[in-house]
Amino acid sequence: AQSVSQHNHHVILSEAASLELGCNYSYGGTVNLFWYVQYPGQHLQLLLKYFSGDPLVKGIKGFEAEFIKSKFSFNLRKPSVQWSDTAEYFCAVNGLGANNLFFGTGTRLTVIP
Amino acid sequence: NAGVMQNPRHLVRRRGQEARLRCSPMKGHSHVYWYRQLPEEGLKFMVYLQKENIIDESGMPKERFSAEFPKEGPSILRIQQVVRGDSAAYFCASSLLAGGPNEQFFGPGTRLTVL
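From first to last, the protein sequence lines stand for chains A and B.
In our numbering, each residue carries its 1-based index in the first sequence increased by 1.
In our numbering, each residue carries its 1-based index in the second sequence increased by 3.
Hints listed in this document are in silico derivations from the structure and should not be mistaken for laboratory results.
Beta carbons are placed, not taken as given, at the ideal position from N, Cα and C, and that holds for glycine.
Certain hints may be false.
Listed next, with one range per pair, are the computed distances between beta-carbon atoms [claimed, not checked]:
no.: 1; chain 1: B; residue 1: Arg67; chain 2: A; residue 2: Pro114; range: 45 to 53 Å
no.: 2; chain 1: A; residue 1: Ala17; chain 2: B; residue 2: Gln84; range: 46 to 54 Å
no.: 3; chain 1: A; residue 1: Glu16; chain 2: B; residue 2: Gln20; range: 45 to 53 Å
no.: 4; chain 1: A; residue 1: Ile69; chain 2: B; residue 2: Arg81; range: 37 to 45 Å
no.: 5; chain 1: B; residue 1: Gly31; chain 2: A; residue 2: Ser81; range: 35 to 43 Å
no.: 6; chain 1: A; residue 1: Gly63; chain 2: B; residue 2: Gly103; range: 22 to 30 Å
no.: 7; chain 1: A; residue 1: Tyr40; chain 2: B; residue 2: Asn56; range: 29 to 37 Å
no.: 8; chain 1: A; residue 1: Ser4; chain 2: B; residue 2: Gly103; range: 16 to 24 Å
no.: 9; chain 1: B; residue 1: Glu21; chain 2: A; residue 2: Ala17; range: 49 to 57 Å
no.: 10; chain 1: B; residue 1: Gly31; chain 2: A; residue 2: Gly42; range: 25 to 33 Å
Derived BS3-like pairs (lysine-lysine); straight-line CA-CA distance at most 30 Å [stated by the list, open to error]:
no.: 11; chain 1: A; residue 1: Lys59; chain 2: B; residue 2: Lys47
no.: 12; chain 1: A; residue 1: Lys72; chain 2: B; residue 2: Lys47
no.: 13; chain 1: B; residue 1: Lys30; chain 2: A; residue 2: Lys59
no.: 14; chain 1: B; residue 1: Lys47; chain 2: B; residue 2: Lys30
no.: 15; chain 1: A; residue 1: Lys62; chain 2: B; residue 2: Lys47
no.: 16; chain 1: B; residue 1: Lys54; chain 2: B; residue 2: Lys65
no.: 17; chain 1: B; residue 1: Lys30; chain 2: B; residue 2: Lys54
no.: 18; chain 1: B; residue 1: Lys65; chain 2: B; residue 2: Lys47
no.: 19; chain 1: B; residue 1: Lys47; chain 2: A; residue 2: Lys70
no.: 20; chain 1: B; residue 1: Lys54; chain 2: A; residue 2: Lys50
no.: 21; chain 1: A; residue 1: Lys70; chain 2: A; residue 2: Lys50
no.: 22; chain 1: A; residue 1: Lys50; chain 2: B; residue 2: Lys47
no.: 23; chain 1: A; residue 1: Lys72; chain 2: A; residue 2: Lys59
no.: 24; chain 1: B; residue 1: Lys30; chain 2: A; residue 2: Lys62
no.: 25; chain 1: B; residue 1: Lys30; chain 2: A; residue 2: Lys50
Whole structure, please, built from the sequences with the hints as guidance.
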């Protein structure tokens with residue numbers, strides 16, 4: 002069965018600290034991988050996605066993620082977080098040609114100024 | 004360019020009443036998806052529609068839930084005879100193209116509370 006695991010439920014960091022949020026998936030076949038962010042009071046927005054090519058993907062606002070096929074992982078990283086990065090982050094996956102996304106339970110990031 | 008619109012943003016219903024949730028996709032998008040987020044859980048796919056057609060309803064509960072996307076007007080998610088377990092946030096998304104790596108754009112969600 003398809004599933005996405007985000008092991009960190011709540012992460013608290015000080016500004017300028019480095020960030021890595023874990024995402025592991027279980028899915029048979031070729032996958033497309035996504036990270037979405039939901040800022041307080043706002044809707045889900047796409048941060049970045051991977052579907053082929055370079056496994057290191059760069060997204061908006063200085064975020065990047067690396068697809069490691071052998072580990073079934075797609076961890077999100079940012080070298081130096083800002084207070085404005087406080088949000089909930091969702092990892093999602095779908096299969097080649099599939100219509101629906103499978104989401105993880107989300108990681109709440111709190112950045113302390 | 005307006006994004007995905009959902010209304011109402013908050014909806015309160017008593018047990019046994021009907022809930023109607025509306026979703027207007029982004030301009031030019033003909034693919035609509037509905038997801039449900041229960042407390043402390045991730046978003047779960049419910050149904051995928053194109054204009055006038057239900058393409059995939061594998062995530063829809065078998066009873067009381069229905070969805071439509073008419074030729075004109077918004078997509079509607081309808082829940083009949085609501086129960087407390089239906090309390091959740093319901094998100095709609097739309098895409099320009101179907102499936103795979105194509106980005107789904109999300110609306111702000113409708114938070115349904117069943118008393």
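(Q) The hint says 35 to 43 Å between B:Gly31 and A:Ser81; measuring C-beta to C-beta, is that right? (A) 37 Å, holds
(Q) Can you confirm whether the C-alpha distance between B:Lys30 and A:Lys50 stays at or below 30 Å? (A) Holds, because 22 Å separates the two Cα atoms, which is no more than 30 Å.
Q | Cβ distance range 37 to 45 Å for A:Ile69 and B:Arg81, holds or violated | A | Roughly 42 Å apart at Cβ, these two residues keep to the hinted range, so it holds.
Q) Are A:Lys72 and B:Lys47 close enough, with their CA atoms no more than 30 Å apart? A) Measuring from Cα to Cα gives roughly 24 Å; hence the hint holds.
**Q.** Distance restraint evaluation - B:Glu21, A:Ala17, Cβ atoms, bounds 49 to 57 Å
**A.** With Cβ atoms ~51 Å apart, the hint holds.
Q) Is it true that the CA of B:Lys47 sits at most 30 Å from the CA of B:Lys30? A) 25 Å, holds
Q. Are the Cα atoms of A:Lys59 and B:Lys47 separated by 30 Å or less?
A. 26 Å, holds
Q: State, for the Cβ atoms of A:Gly63 and B:Gly103, whether the hinted interval 22 to 30 Å holds or is violated.
A: 27 Å, holds
Q | Given pair status - B:Lys47, A:Lys62, alpha carbons within 30 Å | A | 27 Å, holds
Q. How does the Cβ-Cβ distance of A:Tyr40 and B:Asn56 compare with 29 to 37 Å: does it lie in that range?
A. 34 Å, holds
**Q.** Hint consistency between A:Lys72 and A:Lys59 [alpha-carbon to alpha-carbon, up to 30 Å]
**A.** 20 Å, holds
Q: Take the C-alpha atoms of B:Lys30 and A:Lys62, compute the straight-line distance between them, and say whether it is at most 30 Å.
A: 26 Å, holds
The structure agrees with every numbered hint stated previously.
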